[in-house]
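Peer 1: Given the sequences, and given the hints that come with them, work out the whole structure.
The listed protein sequences correspond, in order, to chains A and B.
The numbering of the first sequence is my numbering, which starts it at 74 and goes up by one.
The numbering of the second sequence is my numbering, which starts it at 445 and goes up by one.
Just to be clear, a hint being listed does not mean it is correct.
Computed footprint of chain B on chain A; a stretch qualifies when at least three of its residues, placed anywhere within it, have a C-beta under 8 Å from a C-beta of chain B [stated by the list, open to error]:
hint : stretch
1    : 87 to 100
2    : 103 to 112
3    : 132 to 146
4    : 149 to 159
5    : 167 to 174
6    : 199 to 208
7    : 217 to 231
Calculated pairs, EDC-like style, for lysine to aspartate or glutamate (alpha carbon to alpha carbon, straight line, at most 16 Å) [stated by the list, open to error]:
hint : chain 1 : residue 1 : chain 2 : residue 2
8    : B       : 676       : A       : 164
9    : B       : 687       : B       : 559
10   : B       : 945       : B       : 739
11   : B       : 941       : B       : 675
12   : B       : 676       : A       : 165
13   : B       : 696       : B       : 909
14   : B       : 937       : B       : 739
15   : B       : 935       : B       : 675
16   : B       : 937       : B       : 559
17   : B       : 941       : B       : 739
18   : B       : 743       : B       : 909
19   : A       : 116       : B       : 909
20   : A       : 167       : B       : 675
21   : A       : 116       : B       : 907
22   : B       : 836       : B       : 675
Over the 12 Å line for every Cβ pair with chain A, so calculated as not near, a few chain B residues [stated by the list, open to error]:
hint : residue
23   : 466
24   : 476
25   : 508
26   : 534
27   : 803
28   : 838
Think of the hints as simulated: they come from the structure by calculation, not from any bench.
It should be emphasised that the depicted structure is a prediction, and the values quoted were computed from it without experimental measurement.
We put the beta carbon where it would ideally sit given N, CA and C, even for glycine.
Single-letter residue listing:
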Amino acid sequence: MEQNQKQAGNNRGFTSDLFVGLLFLCLAVFIIVESSGMLHRGKYLVDAPGFIPLLMGASLLVLSGILIAQMLMKKAYNDIIGWALDNLRNDDFKRWMAVFGITAIYFILVGRASFYGLTFAYLMAMFLYFRSTKLWLMLLVASGVSLLVYLVFYLGFRMPLP
Amino acid sequence: MDFFNIYFDELAAFGDQLNILLSPAVILALIGGTAFGLVVGIMPGLSVTMAMTLLLTFVFRIPFEIGWALLISVYVGGIFAGGITAIMINIPGTPGAICTCVDGFPLAKKGKSRETVGLVTLSSGSGEMIAAVIMFILIPVAARLALLLGDWELALVCLIGIVLAGAIAGDNPIKGWMAGIMGLVIAMVGLEPLYAYPRFAYSPELYYGISFIPVLLGIFGLSEVFLVLKEKIPYTLPGKPEKAIFMWNEFKRKKRDIFRAALIGMGVGIIPGTGESVAPWVAYTFAQRSSSTPEQFGKGSNEGVLAAEVSNNATSGGALIPTMVLGIPGSGPTAIMLAALLIYGFRPGPMLIIDTPGILTLTVMMFLLAAIFMVGVTFLFSKQLISILSLKRDLLMPIIVVFCILGAWAANYTLFDVALTLAFGVIGCILRLRGFALAPLVLGVLVGGLFDQYLRRALLTYDADILVMLSRPIGLFLIAFMIFLLYSSFKMKRVAKQKEKEKLEEAKETIDAIDA
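Peer 2: Structure below.
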């Protein structure tokens with residue numbers, strides 16, 4: 074039973090590696106196509122702006138090809154749907170999405186609202202989501218960090234904040 | 445004979461320099477600077493370069509010896525603190541500390557954070573001190589030797605770093621090299637240096653290229669936050685945060701390892717631009733090769749941490765040689781030191797030591813004292829350092845995000861860098877989940893621009909005749925060196941796997957025997 078579960082886990086890992094390998098393959102093709110268009114400058118082909126990126130793209134193509142081949146030999150293509158469903162139902166994935174979502178909103182709003190207010194709101198949102206500690210302590214830490222940013226960066230370093 | 449005259453002049457000036465060095469103002473500057481460097485270094489996102497840049501705006505208002513002491517001590521303290529964050533939160537404070545993560549963080553997770561912080565403190569201090577002494581002896585010779593490296597050899601040094609990091613940092617070298625190539629390509633975004641041709645520049649911001657700070661913060665900082673907080677119960681470091689434990693006896697037994705790592709750090713650190721990032725990886729490979737327990741490397745090896753940290757700190761002495769003697773800064777902090785020398789009216793270059801006898805002795809002694817103060821300050825405040833970095837992860841990680849944003853913003857004061865940090869955070873998270881080593885990626889971004897420039901210039905110089913390039917003796921030596929290091933790293937990994945397999949089989953047999 075335990076061995077079967079371990080095997081299934083390994084297969085899921087192989088499928089993920091296969092997808093990452095495919096992503097790298099696409100990236101390699103993109104680099105090759107783009108850098109081929111930069112070969113007209115320069116005295117020789119070797120000093121053209123696109124020469125080194127072309128070399129890199131070709132190397133990446135070979136390496137991602139090897140990775141994909143390794144995964145295909147391990148039959149990573151079996152049960153792709155199961156792999157996708159597993160990922161979507163996974164609690165870790167849901168938590169990851171929540172953390173990423175809150176953080177992404179913070180990043181997007183930086184520069185559009187007061188940085189101190191945003192920082193306080195972001196920290197409170199994260200602490201509340203994780204129920205990190207008691208409410209008064211959360212408030213203290215969030216406001217303390219915002220104040221620290223003001224004192225150290227704005228007053229101390231005279232750094233303009235976003 | 446010239447060399448001997450330089451030494452005699454320096455020794456003649458020794459007494460005067462000692463008086464300057466022991467003045468209360470200089471001592472205070474060294475202590476304050478080390479503490480400031482430590483504080484800046486443990487905040488993810490704040491770099492030594494940034495701290496030194498801020499200092500540069502007012503150092504010219506104070507006497508040279510105090511300003512110079514401040515800059516040197518911030519440099520020493522900041523580089524050392526980068527290793528502490530690498531151990532405690534798996535986020536290297538400086539690019540040189542990336543290698544420290546490989547073994548430092550697993551050790552902290554095993555509950556050995558106090559011992560590891562102690563080890564890092566001693567290693568960094570000794571690396572810095574050995575490098576300072578060697579710098580004094582070698583400065584007139586080494587700078588001339590560094591000039592023997594042509595574009596082809598410099599490109600090879602960049603390549604050695606990426607190939608080694610790819611092979612060492614993860615389980616699958618193919619994945620490591622893929623990450624390294626990705627880093628190299630990222631470094632090529634923007635206007636290229638030979639023809640100012642825009643490469644992969646799809647927006648006005650991309651014309652300036654992608655700076656390494658948002659990449660480092662995203663790849664190591666944000667991705668760590670995402671990975672830790674996705675767990676239902678984020679990990680906590682075992683053990684009560686207390687003072688660092690200094691294992692003197694074990695440290696004394698590693699004299700040979702320390703000297704080897706310091707020499708590597710010093711030797712590779714001399715190479716402008718690439719040396720400081722590459723040296724820890726070379727030292728790490730040598731340490732694994734000579735270790736009696738190579739299977740522990742990557743899982744929490746004291747020897748691995750020691751090699752990475754000694755060489756990382758020894759590079760600062762090495763990097764100062766081309767800065768002072770040739771006027772070629774190899775990194776951000778050394779560029780600021782060069783600027784400081786110019787502000788104070790010195791002329792960095794081959795004539796510096798001859799025109800200003802005593803400056804070398806003063807610099808070396810300041811490095812030595814800063815290293816001693818660094819050990820002292822860490823000894824006194826290690827409990828506070830460990831306590832801050834041992835905070836509950838769900839409290840600490842969101843605070844790190846705030847510092848990541850500030851660090852990314854401070855790099856160029858653009859929101860584009862802030863957005864890049866988020867993008868690299870996601871990329872780093874996905875790659876780490878799939879076992880890709882991220883150190884080669886960041887190393888690629890760091891040295892990619894130089895690699896491109898050196899390789900293309902070398903190809904132009906030799907009319908693209910690869911055979912002529914390959915026949916250059918130093919280049920040939922570097923290629924042989926790379927193959928040798930790669931071979932030993934793979935051999936060590938194979939031995940480690942074999943040992944692990946044997947241990948598993950032994951354990952299985954014992955369980956079977958008990959069951960029977």
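Peer 1: When the hints from earlier in the document are held up against this structure, which numbers fail?
Peer 2: 4, 11, 13, 15, 16, 18, 28
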